[in-house]
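Enquirer: Here are the chains, one letter per residue:
2 protein chains.
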Amino acid sequence: MRIGIDAMGGDRAPDEQVKGAVAAREVLDEGDKVLLIGDESVIRKCLEDCPGTHEHVEIRHTDQKIEMGESPVEALRAKPTSSIALMAELHRDGQIDACISAGNTGACVAAAQMRLRRLRGVHRPGIAIVTPTFWTPVAVCDVGANVNCRPSHLHQYGVMSSIYLRVMCNIDSPRVGLLSIGQEDAKGNTLVKETRDLLKNDSNIRFIGNVEGRDLFRDVCDVIICDGFVGNVVLKLIEGMAASVLEGMLRELAESMPSQAKAILQASTDLRGKYDYNEYGGAPLLGVAGICIICHGASNHRGIMNAVRVAKDFASYHVNEQITKLLSPDRGTRDE
Amino acid sequence: MRIGIDAMGGDRAPDEQVKGAVAAREVLDEGDKVLLIGDESVIRKCLEDCPGTHEHVEIRHTDQKIEMGESPVEALRAKPTSSIALMAELHRDGQIDACISAGNTGACVAAAQMRLRRLRGVHRPGIAIVTPTFWTPVAVCDVGANVNCRPSHLHQYGVMSSIYLRVMCNIDSPRVGLLSIGQEDAKGNTLVKETRDLLKNDSNIRFIGNVEGRDLFRDVCDVIICDGFVGNVVLKLIEGMAASVLEGMLRELAESMPSQAKAILQASTDLRGKYDYNEYGGAPLLGVAGICIICHGASNHRGIMNAVRVAKDFASYHVNEQITKLLSPDRGTRDE
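Chains as they are written, first to last, in the working numbering: chain A, 97 to 432; chain B, 97 to 432.
Since the hints were derived computationally from the structure, they do not count as laboratory data. Among the hints, erroneous ones may be present.
Said to hold, decoys possible - With a Cα cut of at most 35 Å, we get these calculated DSBU-like pairs of lysine-lysine: (1) LYS296(B) x LYS408(B); (2) LYS175(B) x LYS289(A); (3) LYS289(B) x LYS289(A); (4) LYS296(A) x LYS175(B); (5) LYS129(B) x LYS408(B); (6) LYS296(B) x LYS289(A); (7) LYS289(B) x LYS332(A); (8) LYS358(B) x LYS358(A); (9) LYS115(A) x LYS358(A); (10) LYS332(A) x LYS289(A); (11) LYS141(A) x LYS408(A); (12) LYS129(A) x LYS141(A); (13) LYS129(A) x LYS175(A); (14) LYS115(B) x LYS358(B); (15) LYS421(A) x LYS296(A); (16) LYS289(B) x LYS175(A); (17) LYS296(B) x LYS175(A); (18) LYS332(A) x LYS358(B); (19) LYS332(A) x LYS175(A); (20) LYS129(A) x LYS421(A); (21) LYS296(B) x LYS332(A); (22) LYS421(B) x LYS408(B); (23) LYS296(A) x LYS289(B).
What the hints assert, rightly or not - Computed spacing ranges between beta-carbons, pair by pair: (24) ARG173(A) x ALA350(B): 51 to 57 Å; (25) CYS265(A) x LYS296(B): 43 to 49 Å; (26) HIS414(B) x SER248(A): 44 to 50 Å; (27) ILE267(A) x HIS414(B): 54 to 60 Å; (28) PRO147(A) x SER269(B): 53 to 59 Å; (29) ALA359(A) x THR286(B): 47 to 53 Å; (30) ARG347(A) x GLU343(B): 16 to 22 Å; (31) ASP159(B) x ALA359(A): 53 to 59 Å; (32) PRO147(B) x GLU351(A): 31 to 37 Å; (33) ASP107(A) x GLU343(B): 26 to 32 Å.
Said to hold, decoys possible - Which chain B residues stay away from chain A? Per the calculated CB distances, all over 10 Å, these: (34) ARG108; (35) ALA119; (36) LYS129; (37) HIS150; (38) GLU154; (39) ARG173; (40) GLN191.
Yeah, the Cβ is synthetic: ideal placement off N, Cα and C, and Gly gets one too.
Please model the entire structure based on the sequences and the hints provided.
Expert: Written out as structure tokens, the structure reads:
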């Protein structure tokens, strides 16, 4: 398998991207390669700082890159050989089998949709992220690929995320909840109300009904379905709040028991580890005809290495084949 | 001033509602009354358990009440003399000057809209809640009154919340942020993009642009504007997460330093106090022709008492008059 990594995308690029590519050796099989896409001289310099051999690492040069704040579609148009655009093209042409980027998420999604296209029967791709909720990880889909959703999109997110969790996380029959503002059927906006019946009537999903924001932390479901706008707000809220609460706790404790400052810091670090996105290794863009793994912008080398692992598993468990089986219009009966 | 309290609404009703009404004496002026609306015999029994004199408390009997899970509109139709419906009617008829309820939020909103109607020029009322975000309180509007928003609704939430914060919280020129998924203008769903210009072009608001979920915890704005669906998800997420993180921190610390368990528990309690909704005393439903304060379902007597204080301030600072001044169609020029 050949896995592309956007060497230029992310807050800590290219250093952590290159280190991650090197570290990925431990999750690769014999013959597997990672292809770093970006400025060759910069990448080579980073590689020199990495100990060990790097036979599994290749480089594909480009001097264009898309910045984090750029408008995705405009940037892709203005920079046709940016690392993100080039990577999607290489994937389309079969020169790599997967894309990994911690760069501009919107540009990754747009490049994947334009170059790789969608799987047959999929209306809109969605990003499924396993959110670090301290105790029981919950997958949320979509978290930003599709901010103007229709009921059929949400329904398909339920189907695709269920497959993903089943094969990748070994959850036998994932419980799917629809994010709303009350458990009762009547609660929610128009989108949620119109989505309910689609989810209810699909025997391929274990739909448990509406869930609320607080249910992310109560082990009531394994997948939470929402539109990409709400999902993205939720994701950033969790991240901001986790940092804020931990900082607050440390401040309170440091005042009340200064002699224990070291132990408190350690406990806080341990807790932080439980919501460390680097351990989750990136979120798949479900529904595209390829493998596209999107990493947190602040990912370190562990995050990139884990994304390589996710891409490997995604391929070997045939996630896309299973999605097509359920969503493609010529799939035959559902029980086949 | 006469302030109505729904004695039957809330997870801890009627006990905490009655205790709150009694405790409210300390925030009332001479001649002010609170009117407890609900089952008279039950309320009387609760009153007997409250020490002190209760001359400021009156009772208005009804034996109908709306449960938390009921569909608002159906429940209001089926129970025309429920405490919530009756309270709104009493307000409309001038027998009370404000409504307070910790009961079914949807029913409160619907009753207020139907019985009290909207202020002139207001398109949709919205609930503005000052969220306990540990360090710097931020008002979020709307958090559940209006789940299918239009740009003009969000714009008016910006105007009304700014007035509310200015007069009630003494914030001179509140910074208004529009909740989105990135700071750049181009980021967001259709609703957000169409709302931006309305906010930008209104010189009555200090609009700072898009904000993200994490900005709730970073003191970048005083008001966050969003549709009621997103706002409600955010609110419940914060609540669920705060409890979850504190519990997690306690667990980590209890393992690493068991001898300090007591001090840790105290620090956690202190921190919890900083996000205690009871101290904020309920959220106003902005835009109705009256005063309607909505409390957290789990409010205790302090929460109810503080809601009485909010209702008093709302009246004495003439919040509604100021909203009408800016939003009423016959308001003349904006600079008058």
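Enquirer: Decide, hint by hint, whether the structure agrees.
Expert: So, going through the hints one by one against the coordinates:
no., hint, in the structure
1, LYS296(B) x LYS408(B), "33 Å, holds"
2, LYS175(B) x LYS289(A), "25 Å, holds"
3, LYS289(B) x LYS289(A), "24 Å, holds"
4, LYS296(A) x LYS175(B), "31 Å, holds"
5, LYS129(B) x LYS408(B), "11 Å, holds"
6, LYS296(B) x LYS289(A), "32 Å, holds"
7, LYS289(B) x LYS332(A), "19 Å, holds"
8, LYS358(B) x LYS358(A), "18 Å, holds"
9, LYS115(A) x LYS358(A), "30 Å, holds"
10, LYS332(A) x LYS289(A), "25 Å, holds"
11, LYS141(A) x LYS408(A), "27 Å, holds"
12, LYS129(A) x LYS141(A), "19 Å, holds"
13, LYS129(A) x LYS175(A), "26 Å, holds"
14, LYS115(B) x LYS358(B), "30 Å, holds"
15, LYS421(A) x LYS296(A), "20 Å, holds"
16, LYS289(B) x LYS175(A), "25 Å, holds"
17, LYS296(B) x LYS175(A), "31 Å, holds"
18, LYS332(A) x LYS358(B), "33 Å, holds"
19, LYS332(A) x LYS175(A), "28 Å, holds"
20, LYS129(A) x LYS421(A), "29 Å, holds"
21, LYS296(B) x LYS332(A), "24 Å, holds"
22, LYS421(B) x LYS408(B), "20 Å, holds"
23, LYS296(A) x LYS289(B), "32 Å, holds"
24, ARG173(A) x ALA350(B): 51 to 57 Å, "56 Å, holds"
25, CYS265(A) x LYS296(B): 43 to 49 Å, "44 Å, holds"
26, HIS414(B) x SER248(A): 44 to 50 Å, "49 Å, holds"
27, ILE267(A) x HIS414(B): 54 to 60 Å, "56 Å, holds"
28, PRO147(A) x SER269(B): 53 to 59 Å, "56 Å, holds"
29, ALA359(A) x THR286(B): 47 to 53 Å, "50 Å, holds"
30, ARG347(A) x GLU343(B): 16 to 22 Å, "18 Å, holds"
31, ASP159(B) x ALA359(A): 53 to 59 Å, "57 Å, holds"
32, PRO147(B) x GLU351(A): 31 to 37 Å, "36 Å, holds"
33, ASP107(A) x GLU343(B): 26 to 32 Å, "31 Å, holds"
34, ARG108, "18 Å, holds"
35, ALA119, "28 Å, holds"
36, LYS129, "34 Å, holds"
37, HIS150, "35 Å, holds"
38, GLU154, "33 Å, holds"
39, ARG173, "14 Å, holds"
40, GLN191, "31 Å, holds"
Hint compliance for this structure: no hint is broken.
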